[in-house]
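**Q** Spelled out, the chains give:
4 protein chains.
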Amino acid sequence: MKSVAIVGASGYTGRELLTLLERHRHLRATVVMTARAGAAPEPPAFPGEPSIDALDLGRLAHVDGVFLCTPHGAASSIAAAALQLGKKVVDLSADFRLRDPAVYASTYGSPHPAPDLLQQAVYGLTEHARDAVRGARLVANPGCYPTSILLPLLPLLAAGQIDAEAPIIADSKSGTSGAGKAPGERTHFGNVHENFVAYGVGTHRHAPEIHQAAGTDRIVFTPHLLPTFRGILSTIYVTPAPGASAATMRACLAERYAAEPFVRVYGPTGSGQSGPDPRLPELRLVQHTNQNHLAVAASGPLVVLVSVIDNLQKGASGQALQNMNLMLGLAEAEGLR
Amino acid sequence: MKSVAIVGASGYTGRELLTLLERHRHLRATVVMTARAGAAPEPPAFPGEPSIDALDLGRLAHVDGVFLCTPHGAASSIAAAALQLGKKVVDLSADFRLRDPAVYASTYGSPHPAPDLLQQAVYGLTEHARDAVRGARLVANPGCYPTSILLPLLPLLAAGQIDAEAPIIADSKSGTSGAGKAPGERTHFGNVHENFVAYGVGTHRHAPEIHQAAGTDRIVFTPHLLPTFRGILSTIYVTPAPGASAATMRACLAERYAAEPFVRVYGPTGSGQSGPDPRLPELRLVQHTNQNHLAVAASGPLVVLVSVIDNLQKGASGQALQNMNLMLGLAEAEGLR
Amino acid sequence: MKSVAIVGASGYTGRELLTLLERHRHLRATVVMTARAGAAPEPPAFPGEPSIDALDLGRLAHVDGVFLCTPHGAASSIAAAALQLGKKVVDLSADFRLRDPAVYASTYGSPHPAPDLLQQAVYGLTEHARDAVRGARLVANPGCYPTSILLPLLPLLAAGQIDAEAPIIADSKSGTSGAGKAPGERTHFGNVHENFVAYGVGTHRHAPEIHQAAGTDRIVFTPHLLPTFRGILSTIYVTPAPGASAATMRACLAERYAAEPFVRVYGPTGSGQSGPDPRLPELRLVQHTNQNHLAVAASGPLVVLVSVIDNLQKGASGQALQNMNLMLGLAEAEGLR
Amino acid sequence: MKSVAIVGASGYTGRELLTLLERHRHLRATVVMTARAGAAPEPPAFPGEPSIDALDLGRLAHVDGVFLCTPHGAASSIAAAALQLGKKVVDLSADFRLRDPAVYASTYGSPHPAPDLLQQAVYGLTEHARDAVRGARLVANPGCYPTSILLPLLPLLAAGQIDAEAPIIADSKSGTSGAGKAPGERTHFGNVHENFVAYGVGTHRHAPEIHQAAGTDRIVFTPHLLPTFRGILSTIYVTPAPGASAATMRACLAERYAAEPFVRVYGPTGSGQSGPDPRLPELRLVQHTNQNHLAVAASGPLVVLVSVIDNLQKGASGQALQNMNLMLGLAEAEGLR
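Residue numbers (my numbering), protein chains in the order written: chain A, 14 to 350; chain B, 14 to 350; chain C, 14 to 350; chain D, 14 to 350.
It should be emphasised that the hints constitute simulated quantities derived from the structure, not laboratory data. Be aware that one or more of the hints could be misleading.
Said to hold, decoys possible - Listed next, the in silico EDC-like pairs over lysine to aspartate or glutamate satisfying Cα-Cα at most 16 Å (straight line): (1) K15/C / E347/C; (2) K15/D / E273/D; (3) K194/A / E345/C; (4) K194/C / E35/A; (5) K15/B / D77/B; (6) K194/D / D77/B; (7) K15/D / E35/D; (8) K15/A / E35/A; (9) K15/C / E345/C; (10) K194/B / E198/D.
Small disclaimer: the values here were computed from a predicted structure and weren't measured.
So here's chain A without its partners, still in its complex pose:
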């Protein structure tokens, strides 16, 4: 039995990790702390919830791994302390996702707080970085939108299935849990319910992360806010390279992910392979799971990729646990069904 600390445990991703760890056979959350220096400990808000202790970096000495569930900017100093103690760190914030400190500065509006640590950070899109994650001391856990977009795109880009000159469009829709637990105008019930809105058009902070990981900045990304709590659906439009088609792309993805427990590629017409009623991925099919479901369909001159994940699991805490399992030498899928 190994142990982890969760720093920043009161937010949605911290709580999701606690829930996942309840079913983990080889990992326990023995340190559960707030991320804010000087903040008071929090007794359980509800029956059955854990207490959250005050921040005490010394307690990190007693665990094997550390999850950082903190806002961007706050993770760096805690990460440095944990690494100093020789601990494995998975950071769920954006602090170590962008390799270039200058891109971080222009994206987040302030200099990178720990540029020296950027070198050793591994970008933890698990299915595409498994070996690097296994040997990493510090993993930057991918953003939720990027995860939903990169899983379908990376194999197709690598295989030359996508026209290298044409723009790629990622039209993404997310539930409100992606905006976090703190109340605000954007997530006020009266502003979300029976409503729908695009935001950050051309300016969202996940675009540079997507560009870096895909190795191209011709991806146009537009996020939208759904009146749901969980889930991201990304509708992605690509121009097939000569010789490529929906069928070749589907085959490419099916082959690439055939052995992956957390990615499922739908058959032609989005069918459930054997079912009489062809379907496309839906949020509810992946909510409360670490799954990514993918479908591929032709639409006029383009090919449409539909990708769904649970933003709090595969888009955050689930993938973080996948990564931590690997870093601690445990079975990758442990605690994730």
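Starting from the structure of chain A, add chains B, C and D where the hints point.
**A** Just chains B, C and D, lined up with the frame of chain A:
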């Protein structure tokens, strides 16, 4: 005071028309009928609702105009009868939207029921067909998705602002009222709530209508089902022609629609022109109105158009009333605020 | 054409009043101000919304009536200023609802800010205070929960239909707009959506108001928060007095409200009187209206009253406009359909 | 490892059982069948879902226990066949809940299909029938509403804490999953979303079940339909017996359920015992769990009990698994965390 008949009054679009007509100063619904031959009259389901009479085409003789709120296929014979009586007809179904009977047949899976009437049908996207509508005997009211997509696109295509070779992507999201009042799997609460799904990828029946009205079939259209009741938001991606940009497109749309009461073009950064808090169109800003709100933003190599309407008003009954007002010589905005 | 000021126009009730006044033929909102002294004017947050000016009590001199849409405690001083200028005032806050300053103090936790004005305030449950409202200078607009509960109860209590010794239970469920526009924990989307909760059990501030207006404190009131935006449904349980029954209570209410345009009493089994499909009141039947729908049904030894209103109209701004219409000598239903 | 059959696996309760059994260490669903004689097998509707085989009663010979997830009326003959084979049966339908065939006939409108089996059926409200369930061959799994109402009431009635003459009011609110998977008017998204309604006032089929289990018919039960998918909240009003109070009732419940893993009694003011922020039970605290959370509060002359469960777990499949675990000699909480 003039009078109209509503045929097919028990569905969502028929009821919306009844609500709109309650506030109309010069038009009354004096005939309110079901569309199904042989169907029994329907007493009001709720206090305050109107009774719906059995179908009796003879009663159309006593009105000035006829709204057909029927499923596609059912409208044609009623339209023929009403036209025979010399009545002005606005058909909210798909029966007269496609000019080419062969396209109708391949889209709807059966021969067109009244190909001889197609000639005289005017496609009633009011802001782009005002004069023709004024003189029309039969107006084919546009589909909800096409309305949300064509209003931003038509002026830009006409002005040569859009690269004529590149694909145009219309990623549309609609509330469930677009699927009608009859219960079914797709609109079961347990299948919609806390869910989101793409459907009809590459195959939706509104695509040929969009292609015909835009004069190009390079528009790739993907509809999605939102867990809301009302509203459509379309996110449209276009490649600017040489010399064009988000700024020139915004100016083009602002000029084209400056005098239009039902189209509003947002200022730069989607702002409310004078507001400190720049915003993009939201469903709730147009629900229960006949408005189309439009914003234009640059995003990498593309320009993004965000367009919102209420699918039951500007996307159906509101636009139908706009058209009927014109056909009967009334003020176009009467009954629509 | 007469004119009114709306003070506190940025909240939900202020905006609802602005919407209602757009359709009023004899009343205009010529002064639209924030309620907070020293607060900056607010340009429109969205296209088509009005600007909200800074607070300037001097401008009240130029209107006929004043609506106070302010939080409790803030209304009193503005009311005093307006009354000084001889203006008719409708206060939508709780400041003048409780006649006894001691009850106010124990309910709201601070002394009443203007006890001398309490004397002249009329409690404006319009259908039960029409003559007093007509002559009033200051009307205390009833709370939303009390309106939904008192309209069915008052006639039955007056007619001796309810056992005077037994408790009366009012189990009420409200949409979130009753909690106002300011974001907070309680109205965070993640805390409301797919959730339901009772609150203020035995302690809600509307209980003393209900007790005062009903003339009895044996009414047990429990509010709940629905995952909807608009509407209140109150399920009320009463013990029939000897000789009384669901039938006699229904007859009593039907007779009492026969001529009222804003109260509708359902027929036996909650039917729509003539309909084949008996129904009970639903939120959606009164949303965006000033209606109160009532049904009466027997259930074992008790009689159940089901009462629905739109909390922002009959429960706030609609009833406020009813009252202002009366105070200014206009038709009571003007602007309310 | 033991095995069970699920008959009627395509509905919500059948699917919930399948999900629960995935985590069960000692029980497997080896037979998964539709309940309708002659119905075709169903391939998985979605990737990852199980196939559902055609009905074949012979296959029941190979399992240890049988869950019947069928509509009322259909369960009896399958139950008889399974009992004949010596299998343990948990019936989730209403067929064996009412001991008196005459009450069944008047409640369900047709004679009881298997009155001879009624004798041996044990009403499986687990916490109040544990020993009987352990020895039972046939368990009638309680209804969802009754479970939420009886768990708080039974100990108080047994302890004489409730005035034996006064009515008890159970005002219950349920998510739509209680109405099942088949689409219909009542569960159409457009009829549920942004709506709320009471139904079956004085006539709901769960009332006789509640009366039988509580040993009194003075309980007045009113169900309502929430715009949520999962969860029931019942607000229950009782008159304290002489000497009783909210405090004594809370103590009574806390003591009665102290050792129960699936019932949690909140401390005074509904607090989380140690928390600074007193709370009442909420749907989301029990969704996807087999928990019943209870709070007790004084309100005027009455005491209010607030009770929440997940209708698909403690209100159906979770409690069914509790019962089956006992019947098969397994740990009661296995598969339920």
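**Q** It remains to establish, for every hint, whether it holds in the given structure.
**A** To see whether the hints hold, each was checked on the structure:
The suggested pairing of K15/C with E347/C holds, with an alpha-carbon distance near 13 Å, which does not exceed 16 Å. Distance restraint check for K15/D and E273/D: the Cα-Cα separation of roughly 25 Å exceeds the 16 Å cut-off, and the hinted pair is therefore not satisfied. With a CA separation close to 45 Å, the supplied pair K194/A and E345/C exceeds the 16 Å bound. About 38 Å separates the Cα atoms of K194/C and E35/A, which puts this hinted pair outside 16 Å; it is violated.
Of the pairs offered as hints, the one joining K15/B and D77/B holds, with about 6 Å between alpha carbons and a cut-off of 16 Å not exceeded. Among the hinted pairs, K194/D with D77/B is inconsistent with the structure: their alpha-carbon atoms are about 45 Å apart, more than 16 Å. As the CA atoms of K15/D and E35/D are separated by approximately 13 Å, the hinted pair is consistent with the 16 Å bound. As the CA atoms of K15/A and E35/A are separated by approximately 13 Å, the hinted pair is consistent with the 16 Å bound.
Of the pairs offered as hints, the one joining K15/C and E345/C holds, with about 14 Å between alpha carbons and a cut-off of 16 Å not exceeded. For the given pair, K194/B sits about 9 Å from E198/D by alpha-carbon distance, which is consistent with the 16 Å threshold.
In summary, the structure is inconsistent with hints 2, 3, 4, 6 from the numbered list given earlier, while agreeing with the others.
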